[in-house]
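Colleague: Residues per chain are reported as follows:
Number of protein chains: 2
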Amino acid sequence: MEFFETVEKRRSIRRFTEEVIPESVIEKALEAAVLAPNSSNTQTWDFYWVRTPDKKKKIAEYCFNQSAARTASELIVVVANPKKWKRSNQRLINFVKEVKAPKQVVMYYEKLIPFTYSWGPLQIFVPFKWIMTFVIGLFRPITRRPNSKRDIQEVAIKSAALAAENFVLAMTAQGYSTCMMEGHDEWRIGCLLKLPCHARVVMVIGMGKEAERGTWGPRYRIPTSEVVHKI
Amino acid sequence: MEFFETVEKRRSIRRFTEEVIPESVIEKALEAAVLAPNSSNTQTWDFYWVRTPDKKKKIAEYCFNQSAARTASELIVVVANPKKWKRSNQRLINFVKEVKAPKQVVMYYEKLIPFTYSWGPLQIFVPFKWIMTFVIGLFRPITRRPNSKRDIQEVAIKSAALAAENFVLAMTAQGYSTCMMEGHDEWRIGCLLKLPCHARVVMVIGMGKEAERGTWGPRYRIPTSEVVHKI
Numbered sequence: 001m002e003f004f005e006t007v008e009k010r011r012s013i014r015r016f017t018e019e020v021i022p023e024s025v026i027e028k029a030l031e032a033a034v035l036a037p038n039s040s041n042t043q044t045w046d047f048y049w050v051r052t053p054d055k056k057k058k059i060a061e062y063c064f065n066q067s068a069a070r071t072a073s074e075l076i077v078v079v080a081n082p083k084k085w086k087r088s089n090q091r092l093i094n095f096v097k098e099v100k101a102p103k104q105v106v107m108y109y110e111k112l113i114p115f116t117y118s119w120g121p122l123q124i125f126v127p128f129k130w131i132m133t134f135v136i137g138l139f140r141p142i143t144r145r146p147n148s149k150r151d152i153q154e155v156a157i158k159s160a161a162l163a164a165e166n167f168v169l170a171m172t173a174q175g176y177s178t179c180m181m182e183g184h185d186e187w188r189i190g191c192l193l194k195l196p197c198h199a200r201v202v203m204v205i206g207m208g209k210e211a212e213r214g215t216w217g218p219r220y221r222i223p224t225s226e227v228v229h230k231i
Numbered sequence: 001m002e003f004f005e006t007v008e009k010r011r012s013i014r015r016f017t018e019e020v021i022p023e024s025v026i027e028k029a030l031e032a033a034v035l036a037p038n039s040s041n042t043q044t045w046d047f048y049w050v051r052t053p054d055k056k057k058k059i060a061e062y063c064f065n066q067s068a069a070r071t072a073s074e075l076i077v078v079v080a081n082p083k084k085w086k087r088s089n090q091r092l093i094n095f096v097k098e099v100k101a102p103k104q105v106v107m108y109y110e111k112l113i114p115f116t117y118s119w120g121p122l123q124i125f126v127p128f129k130w131i132m133t134f135v136i137g138l139f140r141p142i143t144r145r146p147n148s149k150r151d152i153q154e155v156a157i158k159s160a161a162l163a164a165e166n167f168v169l170a171m172t173a174q175g176y177s178t179c180m181m182e183g184h185d186e187w188r189i190g191c192l193l194k195l196p197c198h199a200r201v202v203m204v205i206g207m208g209k210e211a212e213r214g215t216w217g218p219r220y221r222i223p224t225s226e227v228v229h230k231i
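Just so you know, the sequences run in chain order A and B. Our numbering applies: residue 1 is where the first sequence begins, and numbers increase by one. Our numbering applies: residue 1 is where the second sequence begins, and numbers increase by one.
If you're looking for bench data, these hints aren't it; they were derived computationally from the structure. Any given hint could turn out to be false.
Which copy is meant is left open, so a pair is good if it fits within one copy or across any two.
Unchecked claim - Only pairs whose alpha carbons sit at most 16 angstroms apart, straight line, appear in this in silico EDC-like list of lysine to aspartate or glutamate: (1) LYS28 - GLU8; (2) LYS86 - GLU226; (3) LYS103 - GLU5; (4) LYS111 - GLU61; (5) LYS83 - GLU212; (6) LYS9 - GLU210.
Bear in mind the structure is a predicted one, so any value in this text is a computation, not a measurement.
If we strip away everything but chain A, and leave its shape as in the complex, we get (with noise of 0.2 angstroms):
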């Protein structure tokens, strides 16, 4: 499908048949997931497809048994996890000295990454980092996050919401619809997955094909000019 139709298509989509779908849809659709651009190619996301009949349902308990979630022929959970970097970080070191790529890349890979990812034990290097930053900053422009647990998280939540979206697109663009759901138990889900207390679950992704009244109406948007300011 073209890619303005596809995103153009693209609805949040509340109800769905029972119709099956092929394994290869998200299948492909998961591999279009992983080609979004994403903080330092730390790829800190996970993604589970929730298969077992007795998890699905409960994760659809989780979901407050909305349709979207009750009736999706599948379930995806996104979820962020900051500790991953340490999962492709001595892969994508190989990987830049590889390419060849300038020094300095290899160095941000080799001692910044762990720097800049890492909080230490009960966060003590957070105000260690903030202190440095703010001093810094005064006299130059810093980048002045990620320091706490809760940057970190917030960062590897962006990224994985950019995968989720390439994600959506895909199963649309394959004649699928889906729905994201941030309406979760983040705790009971986290439970059932087990995962760890630092991992965040960014959405649950229901999908299928669309049945009736699958949307209340039309989309809204409020005015492209409202939220584009020309500075």
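We have chain A already, so just place chain B on it with the hints.
Modeller: Structure of chain B alone, referenced to chain A:
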């Protein structure tokens, strides 16, 4: 351009030529951006399109004059402003009434959104919200967040990221390249744009026609099988 081709083609490009981007290209990409799904359709995003040469120079400086900012034909600052739910709320109430959405939906916009998106002076509502959520959550699934200002910022940042992804894909589909930059001085940019202190700079997007050495090499992703977990 076809959707999957667009996703495949999009890379973070760090060096642009001097070619001018027609305004209509950026306008079209902004129209695609605001079609992104977002939290309760509150549309708490803003796009600052930096047109004045001296402001553009300043923003590039606040992105540490990295080549993706310094050589960019155009720069857009993506902002998440959690208080902007007020901008759309009354219109959303009118809209859901007009399309005869279920009563709960009207109630949701009339009562729940103002409650959810408020943190009160000195965040005085936050402990009450937190305790209420915690107690109810002992007995049944409940949305754990947002409670604090930071939580609500996080929700707004997530929505703005979804729009930003649409934007960069829309630029790619029209033959232009982009680079999302999280490396920037959020405080200095906030001062320049006169942002209120609760607003957050989500990213700066540099764009233009790709110049030579726009990337360090091919794209690198860890295998999708490591980030997708079938449960």
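Colleague: Determine for every hint whether it applies to the structure shown.
Modeller: Now the hints, each set against the structure:
no., hint, verdict
1, LYS28 - GLU8, "between (20 angstroms within a copy, 12 angstroms between copies)"
2, LYS86 - GLU226, "between (41 angstroms within a copy, 13 angstroms between copies)"
3, LYS103 - GLU5, "neither (42 angstroms within a copy, 32 angstroms between copies)"
4, LYS111 - GLU61, "neither (43 angstroms within a copy, 24 angstroms between copies)"
5, LYS83 - GLU212, "neither (42 angstroms within a copy, 34 angstroms between copies)"
6, LYS9 - GLU210, "within (12 angstroms within a copy, 29 angstroms between copies)"
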